[in-house]
Structure formats: C-alpha cells, structure tokens
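Enquirer: Chains Z and D supply the protein sequences, listed in that same order. Heads up, the first sequence is in our numbering, so the first residue is 1 and it goes up one at a time. Heads up, the second sequence is in our numbering, so the first residue is 371 and it goes up one at a time.
Treat the hints with care, as some may be off.
Derived contacts from chain D toward chain Z, CB cut-off under 10 Å, selection only [as the list claims (entries may be wrong)]:
1) V392
2) Q412
3) D563
Only pairs whose alpha carbons sit at most 30 Å apart, straight line, appear in this in silico DSS-like list of lysine-lysine [claimed, not checked]:
4) D:K439 - Z:K134
5) D:K768 - D:K493
6) D:K505 - Z:K39
7) D:K768 - Z:K142
8) D:K375 - Z:K185
9) D:K493 - Z:K137
Quick caveat, the hints were computed from the structure, so don't treat them as lab data. We put the CB at the ideal spot given by N, CA and C, even for glycine.
Listed below are the residues making up each chain.
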Amino acid sequence: MPGKNKNNMDFTLLITVLILLAIGVAMVFSASSISSFMKYDDRYHYLKSQGIFAIIGIFAMLFLSRVDYRLFGKFAMPLVLVSLVLLVAIFIPGLGHGAKGAVRWLKIGPWTVQPSEFAKFALIIFMARSITNKKEKIRSFKDGVLPYIILMAIYFVLIILEPNLSMAGSIVMITFAILFAAGTKIMHLAIWAIPLVPGVGYIVLSKGYMLKRVTAFMDPWADPLNKGYQAIQSLYALGSGGIFGLGLGNSRQKFFYIPEPQNDFIFSIIGEELGFIGTATIVILFLLLIWRGLRIALLCPDNYGCLLATGITCMVGIQSMLNIAVATVSIPTTGISLPFISSGGSSLLFMMANMGILLNISKSIKASGG
Amino acid sequence: MSSIKTVVKRRIIVVLFAFFAVYAGLIGRLAFIQIINSSEYQQKAMEQWTRDIPIPSQRGIIYDRNSKKLAISATAYEIYVRPAEVKDPEVLAQALSDVLEMDRAQLLQKISVKKDTVIIKKKVDADKVKALREKELSGLIFIDDCKRFYPQTNFASYILGFTNTDNEGQDGVELTYEKYLNGFPGRNIKMTDAHGQELPGSEAKYYEPQDGLNLVLSVDEVIQHFAEKAIENALVENKAKRVTAIVVDPKTGDILAMAVKPDFDNNDPRKIPEELLDKWSTMSSKEQYDALFKTWRNPAVSDTYEPGSTFKIITSVAGLEENVVKPDDRFHCVGHVTVSGKRIKCWRSYNPHGPESFAEAVKNSCNPVFVEVGQRLGKEKLYKYIKAFGFGTPTNIKLPGEAAGIVRGVNEMGPVELANISFGQGISVTPIQLISAVSAVANGGYLMEPRVAKKVIDDMGKTVHEFPTRMVRQVISKETAATMRQILEAAVAPTAGSYIPGYKVAGKTGTAQKAEGGFYVPGKFVSSFIGFAPANDPKIVVMVVIDEPGGAQHFGGVIAAPVAKSILYDTLRYLDVKPQYTPEEAKLLQKPLVKVPEVEGMSLQNAIKELAKAKLKYSVDSEFEHSLESVILDQTPKAGADINEGSIVILYAKPKE
C-alpha cells in the first residue's frame, strides 16, 4: 500500500512547512508584542496562542500524514453538506462572531471556527473525488464544468454575504485552477469571464468600501489618511527595511502605524525587520512549497490524489500570492492572511491539516519517481 | 483515459510555471520597493515617525519705570484638529463654534478636509482650552503657545505697539526692542508611534527655549494715565480729529508719557475701526490694510505739522543767545510788518499790540516782533539754531517710523521765508522734535536724546543691558535758557489756561492753520501748548497737540493749555513737587472758598455782575474783539467749582461779527 510507506514522505515539503511555521511564530511575536501589550497588557498574548496552534497544527499535520488521503474522498459529499450548514449557521444570531461589520467566525463554546476555511477544504476534496469519477466527461460542459461552477457559486454567495470578498475570490480562483488542471476545455472556463465582468462591476459599484479599495490601489497618496492609508504604511515598512532590514524586533511601523500588524500585513513587518533578504526568502519558500506540492500531484499514481494535491497546493499558492501582492501594493488592498505566518488559529489548523494530507499523498509516490 | 492524464500533467506544469512567473514578478516588485525605491519610502517613513515640536519661548515683560507690567506673556494654546481621528465632525464643529466663537459651517468644512492636521485657532486662552478639554472630543490637539497680553487696553498703545501671531514685535517698542524681548524658541524632535507616543529606544533631541528679556521703559504708568485721561476729555470736548500729549523729563530726555487719542487696542490691533464697520466688507484688502496702518501710525513721531507760535521759543532763544535782543528791549506792534513788499499780519491786526517789551511780545505772541528778531539774527544764524535744536533730523527716539520734518535749506531762504519761520510758519516738525528742543531750554541748554526704554533686565531683575541717557549737544548757554524760562513763566499769567498757583508753569501756546497740498485750509487748525514746570527747576515738560478741533474754539491757549494744565497739575502732585506760592498766591489761598456761578450764555455785562456777587474777579480772553454785550461761550473754572474768593474766572466771549 503506497500510503503506508513512511520513507517516501516528501521531506523537503515537510521542512519547508516547518520553516515557514517557525518564521510565522517568531514574526507574530515580533509584530504583535506592542499592540498585544496595549490591548491585553501582555506582550506574549499572540505568541502564546500562535505557539499553541502551531504545536497543535504540527500534530494535526503528522497525524493526517498517516491517514490515507483516499479516506476523505469517501466523505466528500457529507463534507460539502456540513460546510454549507456551517456557512449558513453564521447568519444565525448568537452563533456568528466577528468584528468590524463582518461576521466570519462561528463561536462554539470557547472555540471560534472560520467556516470558509472548512469550505475550501471540503470543496477541494469534493472536486478531486468527483472529477476523478467523471473521467472523460470532464471535457463536457454540462457534466464537467457546470456542476462545479454552481457549487462554487453557492459558496461564493454565502461567503460574500459575510462579507469576505478575498476569501470568496480565492474560492473562485481555486475552483478554476482545479478545473483547469483537471483537463477541462479552455473555452468552457474562459466563457465564465463574460458574466463575470458585469458581476464584478456590480459588486464594485454597489459596495462602497470595495470601490474605495480599488481607487486607493491606483494612487494611495491621493487619500493617504483613509483609503490609501494601509497601502502607504505597507510601502513605508517594506521600503524602510531595505535590503537587510532593521533587524528582528526593530520595526517602527508596528507601533500602530500598521493596524493589527500580526495579521494581514505581517509580510510588511517582515520586510521592515528582515529586509529584502527576508521577504525574498519567504517568497522562495512558498515557491518551493508549490513546486513540491505540484510535483507530488504530477507523480501521484492516481487521478484523485493528483487533483487533491493540485487543489491543496493551488490554495496555498493563491493565498500567499494574494497576500504578498496586497502588501506590495500590486493589487487593491484586501484582507487575506499569509498562510502559516499570519496569526489566527483556525486558518493555521486547516493549513497544517492540508499539509498533512499533501504529505500523505507524497507517500503514494513510487520511490523511483522521487 | 491516458489522453486525459497527459492533459492533466501538461496542465499542472502550466500551473507550476504560472506560479513561477507570478512569484518572480512579486520578487521583482519587492526588489523595486525594498532596493530601488527604498530610500524614498524610508525618508517618507522617517518624516512620519519624526515629530518636530516647536517649544515657544516666553516673550519678555515690558515694565514701566516703576516695574508695573504694561505687557505680559500669558500661556495660550494653539488648537489643531486631526480630521482622521474625529468621531463626529458635526459635534466637534458645534463645540468649537460655541467655545471659540467661530463660524460653525466654516469649521465643519475645515475639519472635514483630508489632511493630517488642520489649524483651528492660535492664541486661545487657557480657560477656553479647559472648556474644550472637558468635552473630551477626539481629534483635538492643544499645543502650548504664548499670547501677548496688555493688561490695560487702549493704554500707551503707540509706545507699546503689538505683536503678530508668531509673537514677533510689529510696532512700538515691541518692534524696536524685538531682539531683546523675543527669545529663541526651543524644539523637541522625537520619533513617535502613530499615537504620538515616543518610540522606545529612539533618540529624542530637546532644545530648551530661551525666554526673552524684560524691558524697562522710561514711561511712568501713572503719568501716562494722567495724559490719557486728559486728552480723552479734550478729544471729546473739542470734537477734535486727534489729540496728542507727550510728557518728558527734561534732565534725562526720558519719555514719561506719550498718549494719542483716538488710539487702538493693542490686544486686538486688527479690530475694524468703528467708523469703517459699515463699508469694511466692500473695501479691498489693500484698503483695509491701509486703514489699519493709519490707526497704528504714531503722530507723536511720524506726523509733521507747522508748529506756529510754539516755535517762537526757538527764535527767542536764538536771539537771546546771539545777543540781538534782550527781554526788556522795546518794540511797537502796528498790526503788521512789510517784508520785501509783502505784508505780514500780526494775528491781532484788528487790535495791534502797540508798545511792548520783548518779554511781553512773547506773552502776546506778537508776530512782527519775531519777524524783527529773525531779521536781526539773519537766516544763517537762525538756521544754525534750528538745526542745532534738532529740527530736520530724526531725534533717534526708539520708536518706529520717525519722520525728519522739513526745514528749508539756508540757500532757499529769502527774506519772506526767514520772516515766516521766525514765527513758526514754513517749517514742519514732529511733536517729539519740538518737545525735545523745548526740553533743552528747560534743561539749561542741553539737548537730550529722547529715551523710551531705560534698560533690559532678566527674570531675576538683574540689569543685562542699559540704555544710557544721551546728551546730543549744548545748544544755548545756561544763562540764555534761564532767561527764556523766566520769559515763558511770565507768559503764563494767572489768567492763562495753563496757570497753576504755586507751580510756576512756563509755556507757550500755538495755533497754526493746517496746510494741505501747499495751501492753508480755512477752518482747519492745529492748536498746541508746550510748557514746563516749575520754571526755576523744570521737572517735566508737557506738550499737547490738538489736531483739527471742531468746536467753537480753536486757539491753543483756550483749548490746549487747559489740557496741559491738567497733566502738569496731576503729574507735579504725583511727583511730590511742593508748590511754591508767590505772596499774592499765598494771600489768595487764605481767603474762604466760594462756588463759581454759571455765567455761560450770559452777556459779558451780566456775567461780570454775577461774578462780583460771588466775590470773584474776571478776565475776558483778549484774543477777540468784544463788547459788554458779547455772549459768554465758555468759562474757566466751570460752574460749581470751589475756588478762593478773589480768584480770576476766565471768560471766553463770542467774537464780534
């Protein structure tokens, strides 16, 4: 049985993930210590929670690397149904939990879970399983493309209602990435760009704050205090870091210039403290992860594992790409966390879980192939 | 099946390369930000982190000669708003509008601007800031500042001057002594977080502000008060355009008082002048500025006028010094004199003075006599004395905008010009020049430079810098000066408006027609009096100039002399100068007090009867022709005053038509 062969586990991938995780914990501490002290009177508040989730995450990853990835395929449909229930449950008063006008978490006892993270997980497994079953029918529009677009649309609507534009957007990108990799006809995918144009236009125009983000992106200095504020502060942080950075712990932008520096803009703080050397290293680490992930997909003997590995890798690749693009003011500001690095337990746990699955798939690769 | 698998593999490789391309792009973008543009962002970030906070220096206090505070620096605040931190602009605008008395709509617009900080108001008093702080509004910033404050409004306005919003002197001694009064502001340069808190471990630079030094004026607050009060009344009573009074200590040249009415409020020098309130909004900003500038112009040093008879003092001392005339030389006034075929009239040509001594001619202010003295001197000698007394050159008083006056050059002086100058026409002087020249007569012939400030002291009261008195030159001998003082004392007869029993007032009145554009303007006069007391040892010299009196009277002796008398009387008593009564004055003082009856509006005949009933003597102001039927326009002292029996009441009769 391929899944039982421990020696074949992708060691490079494992190390890459652990390095990213370690950088994440260190940087969350560095970035958050000031605001953490202000808010909780405790420099280590975020370090503690991030550290605990990192350890739990490592165990989850190691555990899942031992669980046969094919097992999840059997529960693909129930997973989708559960994820939809959770996404709907957010809208039930008392269960939903959030801040700044967006309800994105479910509060279950002392725990908060982000259903959209679970939704991505469910969607990737479902698509991998379902597309594998379709075989040649994937080349048909009605059977191969439409059902997944519909499922994606349901997720998209539920998530955008939270609202969480960036998460909804990354769901779309992941779906299309999997459909593309699965061998659908290019035309069947390209056609969706047509209704998308007025759709995006409508969203941008109807939701005031989304439009503001777009215009801020074009010229952050036109409105340095409001719409362009975060973009400018991110550039200041990255720019002041220069090539070598100010040194670990020496960021000045984390002193409330960048709000919640341990979250979506942690990459800017890394740039300030560790310089171009640090940021380029992180980009290269993610590239390494993508290369290993897609290599696993290419070498995986069965179609299901191949698509599953592709989906998981694309998810990580797309999210980190979007996050870094926002931090470098390459795209409009949108709230998306940097995988393995940004603070946030729920997101980290799912990422680690996904890595566990990816590692398990890597075991199915024949030794000769590695 | 195998075809799909191939497609999938190819597609995954495409995805991998797509990721490679995008991530390479991101690395490029990072290199652009962190390497190529790094210094630009770094500099901007540095600007954001660095706060350079100016720490205002306290401007020095201005004291009078007796250490009374005339100008102080009070703590004030500058109010700023950070629009991004404002929670409710409407509420904030309302609160600011209530407390600072500013327009609400304009404030709302101001605080809605997308700027880092917006200045709302400078120089806000501490109590207003307290009121705003209590409202606990977000987005408001208060910065320490100093505010110049003049405890007595409309007081010594032209001496003190004022400062601008940056606490820089703009006028008066605030301007001329700027380098002493203004200290050096300090700075606090520090790195801060987004909330303005200092960053830990950052290097803060603090430069201590250096406070300004304190200025001690020569001005005496009490005497200044006397002068202000006296000219305020004179302005109203005479419906004059302007009244100026100067009090000088002749021995030092110290300006004890310099008052001008109407004046301006130093605390609010840019207040719209009342008479312009209606049309202010229609005026251009230049017109507005010119109008304000006019109110700030100090007539005592900046305006020149034709001195008229008061200038005869100069002609007299020149004649006496050059020995061309003696006090008891005899003259005969026929009401006019002809110079180079031009007939020059005596002011009392309708009733010529007839035979008179030189001393009497000074008292009578008889023009032909001074023409004669001028001719005896010759233009070169008269010119020499005019220049020696300082006319035609600024006195170097430390007040802004001093004028030099106009003295005709000796080569442009023909016989007619010489004659005119002899009695004070055809020459223009500033009040400060004339009082300095007369002070020289009072000071044994020594011309002193007028001094407004005595010294600069630090906060401990230690003298840092002294402005010593300065004798410019001796113009005439002590003897000539003494002779002239006697003549001028005699000129102030018990019937004169400036006479004070026991105080030996010496002085000269003057009435000059105003010249505008080279022509005399009928009905526009400058009436003045200049005098000192006590004549044998002058303590003070007082000058009063009434510009364009609009009342029934315009003669200097009638309207300016009583103003000077009031200042002299108050000041001499304040300086504790003991009265020295002549035997006649002493006898008069023994007599019981009577109330002065009301005789205004009566005929002269009836007035004389009424005064006789009250056992009072009378004197009719002799400058006009009058008869027993003439109506009495005015009297001194006024009805109801308590005076000794046998005292003289001066009556001003309506001139004959």
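Enquirer: Look at each hint and say if it fits the structure.
Expert: Hint by hint, here is what the structure shows:
With a least beta-carbon distance of about 6 Å to chain Z, the hint placing D:V392 at the interface is held under the 10 Å criterion. Here the hint on D:Q412 is kept, as its CB sits about 5 Å from the closest CB of chain Z, short of 10 Å. The restraint placing D:D563 at the interface with chain Z holds, with a minimum CB-CB distance near 3 Å, inside the 10 Å limit. Restraint check: the Cα-Cα separation between D:K439 and Z:K134 comes to about 99 Å, which exceeds 30 Å; the hinted pair is violated.
Taking the CA atoms of D:K768 and D:K493, the gap is near 28 Å; set against the 30 Å cutoff, the hint holds. Pair hint D:K505 plus Z:K39 holds up; C-alpha atoms about 25 Å apart against a cutoff of 30 Å. Distance restraint check for D:K768 and Z:K142: the Cα-Cα separation of roughly 99 Å exceeds the 30 Å cut-off, and the hinted pair is therefore not satisfied. For a cut-off of 30 Å, the pair hint linking D:K375 to Z:K185 stands: about 14 Å separates their Cα positions.
Between D:K493 and Z:K137 the alpha-carbon distance is near 81 Å, which puts this suggested pair outside the 30 Å criterion.
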